[in-house]
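Asks: Can you build the whole structure from these sequences, using the hints too?
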Amino acid sequence: MPVPEKLIFEYSHAGRGASDQWPHDPGPAALAELPLTLRRARPPELPEVGELEAVRHFTRLSQLNFSIDTHFYPLGSCTMKYNPKACNQYAMLPEFLARHPLAPESHGQGVLACLYELQEMLKEVTGMQGVALSPMAGAHGEFAGVAMIRAYHRARGDLERNEIIVPEAAHGTNPATATMCGCVVREIPVDRLGDVDLAALQAAVGPSTAGIMLTNPSTLGVFERRIGEVARIVHQAGGLLYYDGANLNAILGKVRPGDMGFDVIHVNLHKTFSTPHGGGGPGAGAVGVGARLAPFLPIPLVGKDGERYRWLTEADVPQSIGRLSAFMGNTGVLLRAYIYMRMLGREGMQRVGEYATLNANYLLARLQAAGFDAAYPQRRASHEFIVTLKRQARELNVTAMDFAKRLLDYGFHAPTTYFPLLVPECLLIEPTETESKDVLDAFVSAMSQIRKEAEQEPARVTSAPHTMPVRRLDDVRAARQLDLTWKPTAQS
Amino acid sequence: MAFIPHTEADVAAMLATIGVAGIEDLFDEIPADLRVKSLAGVPPELNEMQIGRLMTERARADGAPLAFIGAGAYEHHIPAAVWAISTRGEFYSAYTPYQAEASQGTLQLIYEFQTMIARLTGMEVANASMYDGASATAEAALMAVRANRKSKSARILVPTTLHPHYRRVAVTTAANQGLKFEELPYCTAEGVTPSASLARYDGQDITALVIQQPNFFGRLEDVDALTDWAHARAILVIAVVNPTSLALLKPPGEWGTRGADIAVGEGQPLGVPLCSGGPYFGFMTTRMEYVRQMPGRIVGRTLDTAGRAGFALTLQAREQHIRRAKATSNICTNQGLLVTAATIYMSLMGARGLARTAAAAHARTRELVAGLTRVPGVHLAFSGPYFHEAVLQLDRPVAPVLKSLSNRGILGGLDLSGYFPELGDALLVCATETKTSADIDRYRAGLSEVMQAARAA
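Note that the protein sequences, when read in sequence, are chains A and B.
Just so we're aligned: 253 in my numbering is position 253 of the first sequence, and the numbers increase by one with no gaps anywhere.
One gets my numbering by counting positions in the second sequence from 1 and adding 1000 to each.
Hints may contain errors.
Claimed, not checked - Capping the alpha-carbon separation at 30 Å, the derived lysine-lysine pairs in DSSO-like fashion look like this:
(1) A:Lys452 with A:Lys487
(2) A:Lys254 with B:Lys1403
(3) A:Lys6 with A:Lys304
(4) B:Lys1152 with B:Lys1326
(5) A:Lys6 with A:Lys123
(6) B:Lys1326 with B:Lys1150
(7) A:Lys123 with A:Lys304
(8) A:Lys85 with A:Lys254
(9) A:Lys304 with B:Lys1403
(10) B:Lys1037 with B:Lys1180
(11) A:Lys304 with B:Lys1037
(12) A:Lys123 with B:Lys1037
What the hints assert, rightly or not - Which chain B residues stay away from chain A? Per the calculated CB distances, all over 10 Å, these:
(13) Arg1035
(14) Arg1146
(15) Arg1168
(16) Ala1189
(17) Ser1195
(18) Ala1199
(19) Gln1204
(20) Trp1229
(21) Arg1233
(22) Arg1258
(23) Gln1293
(24) Thr1373
(25) Gly1424
(26) Asp1439
(27) Glu1449
(28) Ala1453
Claimed, not checked - Anything over 12 Å on all C-beta distances counts as not near chain B; from chain A, calculated:
(29) Gln21
(30) Ala393
(31) Gln456
Derived from the structure by calculation, the hints contain no laboratory data.
We put the CB at the ideal spot given by N, CA and C, even for glycine.
Replies: Below, the structure is given as structure tokens:
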């Protein structure tokens, strides 16, 4: 079992420090003109540790994590595929790292060429007419997309359109984004087979419909088969279609959102294009649009005049929804996505969707054969699928969360649990294309073994995990007795 | 190809298990007329050696100029250990800590980060980060509207001396929710926001006042007077601060009598490379009484079932995956990897190292200002104290001067004429501890020649 690690503050000793890293002290004269009334009276209490102590501490912390590099990480809807090392190495070349965001274009033709070509490749794989790269996460891209929909209706003088339709199984960011854009959310149901309820959609649309936000394949792990009908209904009502690219990996190279009738999309580059998740960011949520929304794209964009690349700003895109970041979004993430896409090339891009889907359907078939229940057994899995443990919960009194925690002991990161909310006791499982058959087989063995434990020795499962640095944590205590910053007097 | 490990035998066995003849059959639910024919616009694949060569050529094309630009992104020395550890796969390739027991490394690190940022800003509580300083400022404005229950107006006073891109991001982000950002004028002789100019808002319903310290010009605002003015009128104060400066300058938690209510800023100076603008991270702090109005991830320390301390995401009832349309924000994760780098950076620097960095950067900027203002036709735009960044005025248009300098491999600063036309031919310059006296002299000599040549022309 991994050993818990002290807090960095508990290593601190007054007078110690990694002074080889510090610049020379310019002396007090340098600060003479700073008025004392604006100066800090007491120094901030940051740790005082040597370099080796810091290196050991943070290395040990890293070892308390599961990660793609160390564990199978089948977190549904998150596309935890391998992050190639080349993408990191070549995005961190010294000239790229050192370039100031406001440096002139003459000293940025290299990075601008990469960003421009990334825009072009994203247009091609999504079937859209224009792409902006500046949104810094999926939710940020969603914001840009819905803001563009609003701007479009406003520019037409269509001021009543403020409703965003969202299927009930949607990611929580969809309704939250609609609210951030000043819209009202209208949820519609899906049918027994996981497709949007067209009658409910028809009843929901009208003169106040701004648009609909859809993920396809949906969060239920199945392809929305009547997408053409959905597009027709929404467009006829005067609304636009927003594609949440969370599940683009499933269909990469197979079908394009633009061809399905979507007007605006965001792409999670940290999912489909394998930029690192970094323990929770940075991501990148590039947005793509059809011709109608192109005038509203967020700035800056990258343009090309002859052989020269340049930023496009307010003067070039006067109807833009504006700036979303201080500079150019998460450029370093964009470079990683660019490198990945160039390494895949057009054929590799098509293989991604194919093998992601193959792995998911294989894993589903094996789990079903092992006696687990698919939430949508009549449907083909996309790149992910839902297993429901409602039967096990009833018969064995062991929940999906118990299975998830016990999987950690078997060396597998848990799948997404209890999402989507409408499937009881669910695990949303996404293996991705970069996992081998051996790993998938081992996962099936672990699931079967856990079920056997649940039958014979349920406490072993319900009290899991047993091999992690901590046991299950008291979330209620965390929220009621808030301890959000360390204080020397607090119990440690 | 495509990092897919399958052998032909694997594929055959997997298809047999599924019960289909080929991979294509797995896409039989997608209407045939929607299927992609080709991706002609994507070039053929490159292997690792080929992409390495291409990227190296592209990087070289950007060069390694001597840069004196600040304006919200600062070149500081980054200890080698910072990115050597941050790019370890266990940090780099993990996701947000949904499974707390398998993510204690990331969670404890964020708890340490929250503690350090709270101490640096002198505030009670910090979140796990926002996208960048600009988006954090926008989210702070939205948060202030939720937190200031006495105000109904959603009017936010924003000094013209705030980074102009931050103001634009705030408008993009928050205007759809009815927030109104009103610009406060500044004194063009001194480059600061005079508190006397606020009198015209007396008696009006204002939700929050934004104060940036140092301001966009590098000048120091009278933060105590501005904060007290706001608090006397039940207006919340949003501080926008440079984290390096806080080693020396009064932290927002001590501004005025009561301290700022929300403090945010750009975290990039804390160990994050410039990289053309990102990824960076925004930090956000507040008073404990407003913690439930704060957006973003928050980590708390709690106990496990065996009574041992451990870390978990907390106060999730604020967030989109629980509250959906009623969440405090749509933000989902944070900038975890950059927070990792910053936490390691702050640990290696400590208060003394950070204070030396701030002092050394400031000393270099003073040296730069002294050198450049010796050049005929160049003078300091504003009187009064500044911190590690300053505005110069030239006796001729800035753009051609900067272009000539860039031809010599010197990036001389940011031309302000597009942002602040009322300042005339103004140039924002910055030097940090990374610059030597020889670098500064090279800029001075280059500027001198360029100005002389321009005068002669």
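Asks: Confirm or reject: Gln456 (chain A) is not an interface residue toward chain B, with every Cβ-Cβ distance exceeding 12 Å.
Replies: For Gln456 (chain A), whose nearest Cβ neighbour in chain B is about 22 Å away, the distance exceeds 12 Å, so it holds.
Asks: Any Cβ of chain A at or closer than 10 Å to Gly1424 (chain B), or is the non-interface label fine?
Replies: Correct as stated: the minimum Cβ-Cβ distance to chain A is 20 Å, above 10 Å.
Asks: Could you grab the alpha-carbon distance between Lys254 (chain A) and Lys1403 (chain B) and see if it respects the 30 Å cut-off?
Replies: Measuring from Cα to Cα gives roughly 47 Å; hence the hint is violated.
Asks: Within 30 Å, alpha carbon to alpha carbon, are Lys1152 (chain B) and Lys1326 (chain B)?
Replies: Within the cut-off at roughly 19 Å; holds.
Asks: Closest CB-CB distance from Trp1229 (chain B) to chain A, is it above 10 Å?
Replies: holds, 16 Å
Asks: Compute the least Cβ-Cβ separation between Arg1035 (chain B) and chain A, then decide whether it is above 10 Å.
Replies: violated, 6 Å
Asks: Run the C-beta distances from Ser1195 (chain B) to all of chain A and say if the shortest one exceeds 10 Å.
Replies: holds, 14 Å
Asks: With a cut-off of 30 Å on the C-alpha distance, tell me whether Lys6 (chain A) and Lys123 (chain A) pass.
Replies: Violated. Lys6 (chain A) to Lys123 (chain A) sits at ~48 Å, over the 30 Å cutoff.
Asks: With 10 Å as the threshold, tell me whether Asp1439 (chain B) passes as away from chain A on beta-carbon distances.
Replies: Consistent with the label, Asp1439 (chain B) stays out of reach of chain A, its closest Cβ about 14 Å off (over 10 Å).
Asks: What's the verdict on Lys6 (chain A) and Lys304 (chain A), does the C-alpha distance respect the 30 Å limit or exceed it?
Replies: violated, 53 Å
Asks: Do the alpha carbons of Lys452 (chain A) and Lys487 (chain A) lie within 30 Å of each other, as the hint requires?
Replies: Roughly 45 Å between the alpha carbons, so the hint for Lys452 (chain A) and Lys487 (chain A) is violated.
Asks: Would you assess whether Arg1146 (chain B), listed as outside the interface, keeps its beta-carbon beyond 10 Å of every beta-carbon in chain A?
Replies: holds, 12 Å
In this structure, the earlier hints numbered 1, 2, 3, 5, 10, 13, 15, 29 are contradicted, and the remaining ones agree with it.
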